[in-house]
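Residue numbers (my numbering), protein chains in the order written: chain L, 1 to 345; chain H, 1 to 345; chain W, 1 to 345.
It is possible that some hints are incorrect.
Note that the list lumps identical chains together, so a pair holds whenever it fits in one copy or between two copies.
In the DSSO-like style, the derived pairs of lysine-lysine whose C-alpha atoms are separated by at most 30 Å in a straight line are [claimed, not checked]:
no.	residue 1	residue 2
1	Lys276	Lys57
2	Lys57	Lys40
3	Lys9	Lys40
4	Lys40	Lys196
5	Lys40	Lys276
6	Lys196	Lys276
Hints listed in this document are in silico derivations from the structure and should not be mistaken for laboratory results.
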Amino acid sequence: MRPNYPSGKDLLSADAVSRFDLDDIIARAERHLHEEELEKAGLPLPEQPPAPRRRPKVIATLFDQRSTRTRLGFQTAAARLGHQSIDAYDTDRSRMGTDTGESIEDHIHTVELYSDVLIVRSHMEDMPYRVGRLSYLPVINAGNGADEHPTQALVDIFAIRQMRGAIENLSIALSSDSRARFAISFVKMLRLSPPKRFTLCCLPDTPLNPAMREAMTVLADLGTQVGLVHDIRHTLDHDVLSIQMQDMSKFAHASLGNEAVDKEKESEPFTLTARKVLDARSDTLILNPLPRFSELDTSCDSLPNAGYFRQVQLSVPMRMAILERMLLGIPWTGQVEDFRPSSGG
Amino acid sequence: MRPNYPSGKDLLSADAVSRFDLDDIIARAERHLHEEELEKAGLPLPEQPPAPRRRPKVIATLFDQRSTRTRLGFQTAAARLGHQSIDAYDTDRSRMGTDTGESIEDHIHTVELYSDVLIVRSHMEDMPYRVGRLSYLPVINAGNGADEHPTQALVDIFAIRQMRGAIENLSIALSSDSRARFAISFVKMLRLSPPKRFTLCCLPDTPLNPAMREAMTVLADLGTQVGLVHDIRHTLDHDVLSIQMQDMSKFAHASLGNEAVDKEKESEPFTLTARKVLDARSDTLILNPLPRFSELDTSCDSLPNAGYFRQVQLSVPMRMAILERMLLGIPWTGQVEDFRPSSGG
Amino acid sequence: MRPNYPSGKDLLSADAVSRFDLDDIIARAERHLHEEELEKAGLPLPEQPPAPRRRPKVIATLFDQRSTRTRLGFQTAAARLGHQSIDAYDTDRSRMGTDTGESIEDHIHTVELYSDVLIVRSHMEDMPYRVGRLSYLPVINAGNGADEHPTQALVDIFAIRQMRGAIENLSIALSSDSRARFAISFVKMLRLSPPKRFTLCCLPDTPLNPAMREAMTVLADLGTQVGLVHDIRHTLDHDVLSIQMQDMSKFAHASLGNEAVDKEKESEPFTLTARKVLDARSDTLILNPLPRFSELDTSCDSLPNAGYFRQVQLSVPMRMAILERMLLGIPWTGQVEDFRPSSGG
């Protein structure tokens, strides 16, 4: 189902990112974070060497799924870099891909001539890949159906490194539906700095998503101690717990307009409360991609463990780093490594 | 009902503004207006001393009530200052505060990490106060239910000073529902430079809103000659008349989507026409927050008295001044004065 | 029906543009295109002489008709120039011109005080003219009912010159409903550099739109060999073919919200396919304003004749040139020439 990966210009999957790329993107994010901290402290920013005049850049978002956070996050990152965003998919105004609207091909070939990078979120898994093949511009996958969400994975990796240090020294748990797109991207991304231990907390009676199983096998082959648990309490001895709702599939497939999703209550074993954290005397760092549902009780917010709002804050310099790198035309080199074995075998 | 005022960082009520703050904000607005006038005359702007590099700022609007003017006004003010705006409440795309959406707390804690100032308009009176308490960012109340609308009051104060000079020398009339949020903020703000005379023109059979009665009592205590009339013709001997529709309550409480508000005709005593102005040989300056309804007949537009479009023009430098001051982190000092007596009593 | 043309400040019709204006606007567009090309090649942009400080400009769009391309095109052009856009007509949020909303007069008098140029698209033919008379700001007609679309005509003229050279040496065909607003603006604009030959391809049984007939008569008077054909194959010996759907009237009159337009199939004689181009051994440059409907088969996309995506690319520097010229306050001088004969007669 996954089409051939178009080229190093796009960030469509965690596969695109090599260790080299990750180090570069984190160094860029740290620089932007440092400037934010200087500014908040009222200190002057480091002067930059005189640069040649540049035309302001234009970031185009094409989202056919609802999003507050990811859309605003990229708009903010663009604004902080001095660029502007255009909303190239507006359900009220455009008719892209509908019977009376223009074809996706024509729309992409137009929007690419107006902008410098395309950010795609879609309920259709193949949409970012289609856009990546159609356009000569760099394309970012901001979530595609039940496939991947690589920029959120980069945010989490950055958050863990900022708050707990080198991932190689850590035990990391993930409570999630194994089909969730963020979860898949996150575990794939961990291959670049395999943790000592990785534990997936998921429903006992649901088969593991094949993509998740493969990503966990890759980790095991790299020396990570990989495990499965079915109760959130069994993750509270880890250094980090990234927690999501257990049944994301309805969300992942919902498109704009037909999204009457019930906020079902998580069953008790998958709900994190302050009580559970305190009972376990746990110092596990808690991450959550937000918006949260019932999986993460607000009683956790006042715990020192709560890392999820700091995580939101760190998402801005990380998204700035991603945009900056791609606007400079620096290719992602991960795909080359990953595909060489199978194409050579 | 009014919660404890959070801190000097926010502009939620006319109470927040001291005379010192008012002088500062008007000086800033005058500087921006001066630059606008230089530019329109084709003259060079005064050079600024070399400043350290700064990251562009992000202004977040959270409006759950319809607004054209206030939203565009702040967007324009941000753009003129070189900043960008993000629309952090989009009825079509976000689900904040709904059953299936995220909580207001989580939403604010996210948006504050993306931006530098929050502008809130809500049909819920406590919303800007909630946001002000939740966030470490400066928060602007751009209208909350039937409570206040302090930035519009600052616009009117600035307009009067630009067009008629020091308010202490003037007689000022206000034709309005005494429950209108702008009206309350305006009369409260007048305490900072009490006019010689203040007259409220309102329906004869409606009890005065307590907040309005208190604000008028404050003016009377400061030496202003305070009066009530029930016919617009009895305001035409004043230096200034700020006129609004008489029944604003339906508007003030309407939220996005359920706003089938009839544009009821004002009854004749509260409708201003050119005929009435000419018959009174009046040179009263006429202000109106716009959009107008039937209270202000378009026949007035060609009178030299009409000040309401100049008022719109002056709203831009005033909103620039407000944003500039708050982005610099300068606190509002009015609250301290106002609260000292009662907390000390 | 056409009101008196307000002044040289507005670009409402192809009539506004003189040959002098056209040369200026094309020189500006070529400069912006050159900078785009330098940037794509990684070369430094030419340094600009030190300029006095300027306030960022604000571009206001007032569109009551659906548009993806024109709206995004102007937003992009504004962003590339370092300016920002505000959307001053939002069907969801504003109530301009409705029973409960404010009058168009009040709305324009407000928006003009927030911005530096107004861009109007409307299903009402007189709307841009009304706005032009109401406002002291420069106004751009981005399509008004079945009247004109002069900026698209400028894009086409620029595209032809870039891809085929001086128009005076060319034969140009236009396949279009003679009532289409772009078509009328395009043929009017051709008077500024009359081609050797001009051919309209249209339905045989439909009377020629009077405005089109007049524009073609002007071309004939200037020495162009003017003709009519009723089959697209009879245009394939021309240097250029600009092709549109034959029945645009439903689109031209559709307003936001009531636009259930069927994408009717063009009848065979008006549909261009790669087969027809190859059979004719034609090297005709094919232009299309996009979005296309059935008139232009995607089989044409891989032909060397296909110029329509390059045309989209060229639309950005042309829109930048239009905004730049009007923000500088340079008047359009075409109207003077055109109106002098009749007003002097």
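Going down the list of hints, with the structure as the test:
no., hint, result
1, Lys276 to Lys57, "neither (48 Å within a copy, 40 Å between copies)"
2, Lys57 to Lys40, "both (26 Å within a copy, 12 Å between copies)"
3, Lys9 to Lys40, "between (34 Å within a copy, 15 Å between copies)"
4, Lys40 to Lys196, "neither (36 Å within a copy, 44 Å between copies)"
5, Lys40 to Lys276, "neither (35 Å within a copy, 56 Å between copies)"
6, Lys196 to Lys276, "within (24 Å within a copy, 65 Å between copies)"
Hint violations for this structure: numbers 1, 4, 5, all remaining hints satisfied.
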